[in-house]
Amino acid sequence: MNYDRLYNKILGSLATSCIGDALGCPTEQLTMDEIRERFGGFVTDFHPTFPGHPFYHPNRRPGQITDDASVLLKMAEAVVESKGKLTLANVATHLLLWSEEPEFQCAGPTTVAAVEALRDGGDPAQTGKTGKLTTDGVSNGAAMKVSPAGLANPGDMEGAVADAITICLPTHGTSLAMEGACAIACGVAEALQDGATVASVVRAALLGAELGKEQCREMVRVLPGPSIRKRIELAVSLAMCSANLEQAMVEIEAYIGNGLPISETVPAAVGLFVAADGDPLRTVYAASNIGNDTDTIATIAGALAGALKGFDNVPQDLYEQVACVNDLDLDKMAADLVEVVKLKRKG
Numbered sequence: 001m002n003y004d005r006l007y008n009k010i011l012g013s014l015a016t017s018c019i020g021d022a023l024g025c026p027t028e029q030l031t032m033d034e035i036r037e038r039f040g041g042f043v044t045d046f047h048p049t050f051p052g053h054p055f056y057h058p059n060r061r062p063g064q065i066t067d068d069a070s071v072l073l074k075m076a077e078a079v080v081e082s083k084g085k086l087t088l089a090n091v092a093t094h095l096l097l098w099s100e101e102p103e104f105q106c107a108g109p110t111t112v113a114a115v116e117a118l119r120d121g122g123d124p125a126q127t128g129k130t131g132k133l134t135t136d137g138v139s140n141g142a143a144m145k146v147s148p149a150g151l152a153n154p155g156d157m158e159g160a161v162a163d164a165i166t167i168c169l170p171t172h173g174t175s176l177a178m179e180g181a182c183a184i185a186c187g188v189a190e191a192l193q194d195g196a197t198v199a200s201v202v203r204a205a206l207l208g209a210e211l212g213k214e215q216c217r218e219m220v221r222v223l224p225g226p227s228i229r230k231r232i233e234l235a236v237s238l239a240m241c242s243a244n245l246e247q248a249m250v251e252i253e254a255y256i257g258n259g260l261p262i263s264e265t266v267p268a269a270v271g272l273f274v275a276a277d278g279d280p281l282r283t284v285y286a287a288s289n290i291g292n293d294t295d296t297i298a299t300i301a302g303a304l305a306g307a308l309k310g311f312d313n314v315p316q317d318l319y320e321q322v323a324c325v326n327d328l329d330l331d332k333m334a335a336d337l338v339e340v341v342k343l344k345r346k347g
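All letters in the sequence shown, in the order written, are residues 1 to 347 by the working numbering.
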């Protein structure tokens with residue numbers, strides 16, 4: 001393995017997720033038409049949030065990340081600290097550390113409930129299984145933070161699934177959440193490989209959905225719901241049949257959805273990644289302007305695109321701005337993750 005190229009791809013994934021999160025923050029909850037009206041067209045740069053935004057204070061700086069990218073980075077820290085041997089206890093510790101950061105105030109109800117249970121001394125193998133309804137624990141919070149599972153396991157689908165389950169179980173202990181999270185982890189793991197293509201990333205995501213569904217069955221609440229694998233297939237078909245990126249956005253929203261359920265967010269993210277041909281900027285542009293849960297879709301889709309194309313293809317002006325505004329040292333984090341990969345390969 002060429003570790004210089006791996007570093008470039010890992011950094012590309014981290015950077016594009018952060019850019020996507022910050023780009024999609026001010027457009028979250030809006031429709032595509034409302035985005036055009038409020039911002040004078042689709043957003044292509046960072047903006048402050050609009051007055052009255054249901055989640056974010058209007059004084060947030062353009063380029064500031066939200067709970068999506070911040071918890072992703074905290075999970076990357078957990079992976080690094082574990083030296084390639086990730087445990088539930090390690091994940092729980094870092095979730096609690098993350099809960100002390102300002103971005104946690106934006107976290108969704110599933111994650112908040114699980115973190116509160118962890119604070120009370122709950123078992124991280126059980127805290128993600130709380131709830132009695134079929135709508136409990138099936139939000140996209142599992143997928144938005146899972147890319148480090150793929151970043152630590154380039155080309156290793158079984159390893160990516162194992163780490164994805166460990167990352168997600170303390171907060172999202174349901175079959176649907178795991179299916180979606182493992183799809184993204186495996187897509188990222190494949191995207192890091194030399195010779196990876198958009199098509200091979202999609203195949204890996206489909207495999208990840210199946211592996212996650214099978215391997216987590218005894219650990220989670222098994223819930224009824226749509227097949228995320230089949231929805232990914234549909235989203236990819238819609239993307240490939242669309243004449244252009246904007247048509248793909250319209251079709252994916254109409255047939256897949258772009259909201260909080262992981263059965264919408266993950267397929268939508270993969271579909272937009274395909275529609276943008278894996279280009280980092282076009283991918284997060286599409287995700288940030290599709291409406292509804294834009295920052296989460298952009299964080300997830302950005303992880304795939306950045307890993308596939310590498311940091312050299314990430315828009316440097318947007319990266320420099322998001323790194324400065326959030327005081328990020330993604331270079332070090334990428335280097336640390338490369339060292340984790342080396343440790344894993346040594347056994």
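It is worth saying that the hints were derived from the structure and are not from the lab. Model, not experiment: these values are computed from the prediction. Errors might be hidden in some of the hints.
[Claimed, not checked] Here are the computed lysine-lysine pairs in the PhoX-like style, where the Cα-Cα straight-line distance is at most 25 angstroms: (1) 344 with 85; (2) 132 with 342; (3) 332 with 346; (4) 83 with 344; (5) 342 with 85; (6) 332 with 129; (7) 346 with 85; (8) 85 with 332.
Here's how the hints hold up against the structure:
1. 344 with 85: holds, 8 angstroms
2. 132 with 342: violated, 42 angstroms
3. 332 with 346: Holds. Residue 332 to residue 346 sits at ~21 angstroms (cutoff 25 angstroms).
4. 83 with 344: holds, 8 angstroms
5. 342 with 85: holds, 12 angstroms
6. 332 with 129: violated, 34 angstroms
7. 346 with 85: holds, 12 angstroms
8. 85 with 332: Within the cut-off at roughly 20 angstroms; holds.
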